[in-house]
Amino acid sequence: MEFLYFPGCTLYTKAQNLDEAGRACAKALGFELKELSNWTCCGATFPLAKDNIMALAPPARILARAKEEGSALTTLCSVCFNVIKRTNELIKGDEEKREKINTFIEMDYQGDVQVIHYLEILKREVGFDTIKGALKRDLQEMRVAPFYGCMLLRPSEEMEFDDKEAPTIFEEFLGAINCEPVDFPYKIECCGAFQSVGAPEVATECAYAILNSAIRNGAEAVTTTCPLCQFNIDNMQREIRQKYNGFPGIPIIYFTQLLGLALGLPVEKLEFHRNDVDPRPLLEKRGLL
Amino acid sequence: MKIEISRGKVHNEFAQKVEEISGQNLFACYQCGNCTAGCPVSFAMDLGPHQVIRYSLLGLEEEVLECNTFWMCASCLQCTSRCPKGLDIARIMEAIRLVILRKKERLDRLEVADLSEDFLERVPQIALISGFRKFTS
Chain S
1 MEFLYFPGCT LYTKAQNLDE AGRACAKALG FELKELSNWT CCGATFPLAK DNIMALAPPA
61 RILARAKEEG SALTTLCSVC FNVIKRTNEL IKGDEEKREK INTFIEMDYQ GDVQVIHYLE
121 ILKREVGFDT IKGALKRDLQ EMRVAPFYGC MLLRPSEEME FDDKEAPTIF EEFLGAINCE
181 PVDFPYKIEC CGAFQSVGAP EVATECAYAI LNSAIRNGAE AVTTTCPLCQ FNIDNMQREI
241 RQKYNGFPGI PIIYFTQLLG LALGLPVEKL EFHRNDVDPR PLLEKRGLL
Chain F
1001 MKIEISRGKV HNEFAQKVEE ISGQNLFACY QCGNCTAGCP VSFAMDLGPH QVIRYSLLGL
1061 EEEVLECNTF WMCASCLQCT SRCPKGLDIA RIMEAIRLVI LRKKERLDRL EVADLSEDFL
1121 ERVPQIALIS GFRKFTS
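Line order of the protein sequences matches chains S and F.
For the first sequence, our numbering gives the first residue as 1, with consecutive numbering after it.
For the second sequence, our numbering gives the first residue as 1001, with consecutive numbering after it.
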């Protein structure tokens, strides 16, 4: 199995822990991630104005280049996944815009690349049962809250990822690597997204509500697929602690890091030092390091 | 707040512009408030998203453009996902942002200089890029 891989900007810098672990896990599970050559930023937002064709050019170009190198394109980052998949759906369904975009990027792309998220590969292509059979470290039912956020799920008609109100793929994944998924009401809420730049005090409140809910429901850690969620609920815990005395803090671990741990990959490969709230004390306590 | 409504204000240019940019029919809204109820940032908004739609339809352009609702919107699409009338409310909020950002005065909401050095060290580019795309012209 080979998938073209679009890392996206942040995975090359601040989210190397998401990226490196993802690549290492793919190798361990026997599927190949072939990095797309000559990729650019996807734009990090899907344009919501009907007349903003310009913002569709970068993701369209990424898709057109992917078409030259393969048939299925995967991402780890939920935002990239959302932008690229929505652009693909639009190109497929809107002839007028497709023509405009193709004229602009001087390529001919018809929307026929399959855009698939890494979690979907794990579920549909590798299979959670195969993963269960490949486990080398026992995560001992560590209680982990799966934070889906927005971008994987919405809009559900275009993303077709999972149930928009009660998704389960993340829980199935956690079950497969012998974690105990913690159900909590904020799992499909917004982390504040780009408001961490525009109105950080608002984003902090969003993050606080999410983390508080996870902690109250017994989570020892929260897991994400998205470097923007990760920033808002991990790094911004600094702001939460300043505002809310006694906030205990909770480690936020990328799903690929948990997977790598369960697959018995060397801990150095998983780059836990890059997570802002250090997950290592928890992992040590559990005898996993 | 005292609000005057006139026939001339309804079917106004502002609402038409918002409809044109968003591709949404504002008249479809029946004010159920689902969008506001599920909005994760409504606590920080001057008006709920459903009120912004109603105000727009009543031609209260100034009141709408002065409120912070559409600046607070994080485009998480929870409202869009739950609207029983199928309105894409996040597109409506984006359209109102653009009504302001597309004015020739270039009234950007965010400046790089506003961000502290400490924050710039910490923030990933995914947040910066999306933030600047939403808040600047």
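Treat the hints with caution; some may be incorrect.
Said to hold, decoys possible - Cβ-Cβ distance ranges computed for the label pairs, FRET-style: (1) Glu68/S x Lys1009/F: 49 to 57 Å; (2) Gln1031/F x Gly264/S: 53 to 61 Å; (3) Asp1108/F x Phe128/S: 41 to 49 Å; (4) Gly1023/F x Glu165/S: 36 to 44 Å; (5) Glu99/S x Gly1086/F: 25 to 33 Å; (6) Glu68/S x Pro1084/F: 42 to 50 Å; (7) Gly264/S x Asn1025/F: 52 to 60 Å; (8) His1011/F x Glu96/S: 41 to 49 Å.
Simulated from the structure, these hints should not be mistaken for laboratory data.
Using N, Cα and C, we set each Cβ at its ideal position, and we do this for glycine too.
Any hints this thing doesn't respect? Which numbers, in order?
4, 8
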